[in-house]
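Asker: Read off the chains here:
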Amino acid sequence: MAVKKTYEEINEKIRKGEAVVVTAEEVIGIVEEKGYEKAAQEIDVVTTGTFGPMCSSGAFINFGHSNPRIKMKKVWLNGVEAYSGIAAVDAYIGAAQLPDYDPENKVFPGRFTYGGGHVIHDLVAGKQVRLEATGYGTDCYPNKKVDTIITLDDVNDAFLFNPRNAYQNYNCAINMGERTLYTYMGILKPRIGNASYSTSGQLSPLFNDPYYRTIGVGTRIFLGGGIGYVAWHGTQHHPNVLRGDNGVPKVTAATLSLIGDLKGMDPNWLVGLSYIGYGATMAVGVGIPIPILDEEMLRYTAVKDEDIYCPIVDYNEGYPYSKPMELGFANFKELKSGKIKINGNNVVTTPQSSYPRARQIAETLKQWIKNGSFELTQPVAAIPSAESDIVFKSIPERTPNGLSFANGRARR
Amino acid sequence: MKNKIVCYFSTSQSEQPVIYRLIKNYDLIINILKADINSQKEGYLVIELEGSPESYEQGTKFMESLGIIMEPLSENIIWNEQLCIQCGACTSFCPTAALDMNRDTMEVSFDNAKCVVCGMCLDCCPTRAIELHFEVKEAV
Numbered sequence: 001m002a003v004k005k006t007y008e009e010i011n012e013k014i015r016k017g018e019a020v021v022v023t024a025e026e027v028i029g030i031v032e033e034k035g036y037e038k039a040a041q042e043i044d045v046v047t048t049g050t051f052g053p054m055c056s057s058g059a060f061i062n063f064g065h066s067n068p069r070i071k072m073k074k075v076w077l078n079g080v081e082a083y084s085g086i087a088a089v090d091a092y093i094g095a096a097q098l099p100d101y102d103p104e105n106k107v108f109p110g111r112f113t114y115g116g117g118h119v120i121h122d123l124v125a126g127k128q129v130r131l132e133a134t135g136y137g138t139d140c141y142p143n144k145k146v147d148t149i150i151t152l153d154d155v156n157d158a159f160l161f162n163p164r165n166a167y168q169n170y171n172c173a174i175n176m177g178e179r180t181l182y183t184y185m186g187i188l189k190p191r192i193g194n195a196s197y198s199t200s201g202q203l204s205p206l207f208n209d210p211y212y213r214t215i216g217v218g219t220r221i222f223l224g225g226g227i228g229y230v231a232w233h234g235t236q237h238h239p240n241v242l243r244g245d246n247g248v249p250k251v252t253a254a255t256l257s258l259i260g261d262l263k264g265m266d267p268n269w270l271v272g273l274s275y276i277g278y279g280a281t282m283a284v285g286v287g288i289p290i291p292i293l294d295e296e297m298l299r300y301t302a303v304k305d306e307d308i309y310c311p312i313v314d315y316n317e318g319y320p321y322s323k324p325m326e327l328g329f330a331n332f333k334e335l336k337s338g339k340i341k342i343n344g345n346n347v348v349t350t351p352q353s354s355y356p357r358a359r360q361i362a363e364t365l366k367q368w369i370k371n372g373s374f375e376l377t378q379p380v381a382a383i384p385s386a387e388s389d390i391v392f393k394s395i396p397e398r399t400p401n402g403l404s405f406a407n408g409r410a411r412r
Numbered sequence: 001m002k003n004k005i006v007c008y009f010s011t012s013q014s015e016q017p018v019i020y021r022l023i024k025n026y027d028l029i030i031n032i033l034k035a036d037i038n039s040q041k042e043g044y045l046v047i048e049l050e051g052s053p054e055s056y057e058q059g060t061k062f063m064e065s066l067g068i069i070m071e072p073l074s075e076n077i078i079w080n081e082q083l084c085i086q087c088g089a090c091t092s093f094c095p096t097a098a099l100d101m102n103r104d105t106m107e108v109s110f111d112n113a114k115c116v117v118c119g120m121c122l123d124c125c126p127t128r129a130i131e132l133h134f135e136v137k138e139a140v
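Chains E and S are the protein sequences, given in the same order. Numbering of the first sequence is given in the UniProt record's numbering, commencing with residue 1 and proceeding in unit increments. Numbering of the second sequence is given in the UniProt record's numbering, commencing with residue 1 and proceeding in unit increments.
Do not take every clue at face value.
[To be verified] Computed cross-link-like contacts, PhoX-like style, restricted to lysine-lysine with a CA-CA straight-line distance of at most 25 angstroms:
hint, chain 1, residue 1, chain 2, residue 2
1, E, Lys333, E, Lys304
2, E, Lys189, E, Lys106
3, S, Lys34, E, Lys339
4, E, Lys250, E, Lys304
5, E, Lys34, E, Lys4
6, E, Lys144, E, Lys71
7, S, Lys114, E, Lys189
8, E, Lys106, S, Lys34
9, S, Lys2, S, Lys34
[What the hints assert, rightly or not] Here are a few chain E residues that sit away from chain S, every Cβ distance over 10 angstroms (derived from the structure):
hint, residue
10, Glu18
11, Gly35
12, Gly64
13, Lys71
14, Gly79
15, Asp90
16, Leu98
17, Asp266
18, Leu273
19, Ile276
20, Ala283
21, Gly328
22, Ser353
23, Gly372
Honestly, the hints are just simulated from the structure, not real lab data. We put the CB at the ideal spot given by N, CA and C, even for glycine.
So here's chain E without its partners, still in its complex pose:
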């Protein structure tokens, strides 16, 4: 008889401590041993994980008020500007933001030793952080300047809200040019000197639910060592792309927007990163549990590295100038082996995403579910899947002069 389970049935088993939970690595061996049907009957939840650089991350913070009160126009945390064009003492610190004094790439390649991701890490680590803010003064908010020291405990609210995380697949970056490139995919040596990739493959959340049957708005997840939720599909979500027979996209596809309480997170799972010549960012730990509702879900979660492909992209001309080039695909099992073949030559592979840490996340999430502290949630809304007709857009090239744009200034 075909396997059918509901979220409620699985949660009931979790509450009783009877749920069978395995990681997305372990499920592969179980399927090989017992077959899909038997494995689907036995397994209730498969846990996934990924830990890699995710630039589109950041945190909303409410600092509480100074006395007298202030409407912050500009805010800096350890010298890194946070966006404050929202309510008086709210701000958003972005992971890729740099301090105003950073020399950037003026001496190339720049070092980018500190940025928004490092600020978030320091806050979560309980470190003291300098808060500077300026305002212009109003009747209700007379104060014009704040310069003090805060910790995460001192602020009213701090929650991570990442517009684009957990990319379903990513480019394998190479450099077909004649000089070393410094990119967000790390250092790329000239004449295809290495091939850089960033995914946890068979452990990666969205490879294990390729059509987002169980991952949707409201899904409870492991985020930064604490609890988070899927808030929306992420920016640049583009699910209607080329897929393999197993449903796994062969190019960049879905993304997730994630939210979670920063105060419950762990500095080991939110780590500031410095990419030489590129900028600062943050490694974010994400783990998503996948309920085995039926055999189809089990088949998805049993995906193996050798069945996952990512597109090879040139970062000398192809990517920066959006030049179409057909360079083929790299297989994830080969990428993990340390070298791949491109044009018949062996090319060393450079990982950007941490596989051991991804494994640790899947394992942690498994323990949370097993000990009953983490129950599954049914999505309250689905995110667009393969049948959608999303068109990937670029900035239009238009001439601004000649047209009378009010720019808001004409308003009275």
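Place chain S on chain E using the hints.
Answerer: Using the frame of chain E, we list chain S on its own:
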């Protein structure tokens, strides 16, 4: 010939234009890798010294005559396991596999004995978990 050496200065020596004389009088190519002078004006200089064997010998004799102590450079790469997130990017740049990845566990390890201190790993580590240390004695 070409060598990396550490030169230790005392207060009086640090006031002399030693590098200028090495270049001007002994035709040596000098690359200053690191230098530090403390508040008592004692300090050290890590340099790469390059030139013909004769000028190299004469240049080092000149430094000896000033009382500057010279020692071959011993550098160390320090891998800070606590900061490392195990991405493994460094292992693809390490020419001697001193930084290496176990392909089963995908975990990174560092073998100091294999390290030639080329410094390739320093730039590619996104958590700055790898540091270059010069082994320098207390200033003379």
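Asker: In ascending order, which of the hints set out earlier in this document are inconsistent with the structure?
Answerer: 3, 18, 19, 20, 22
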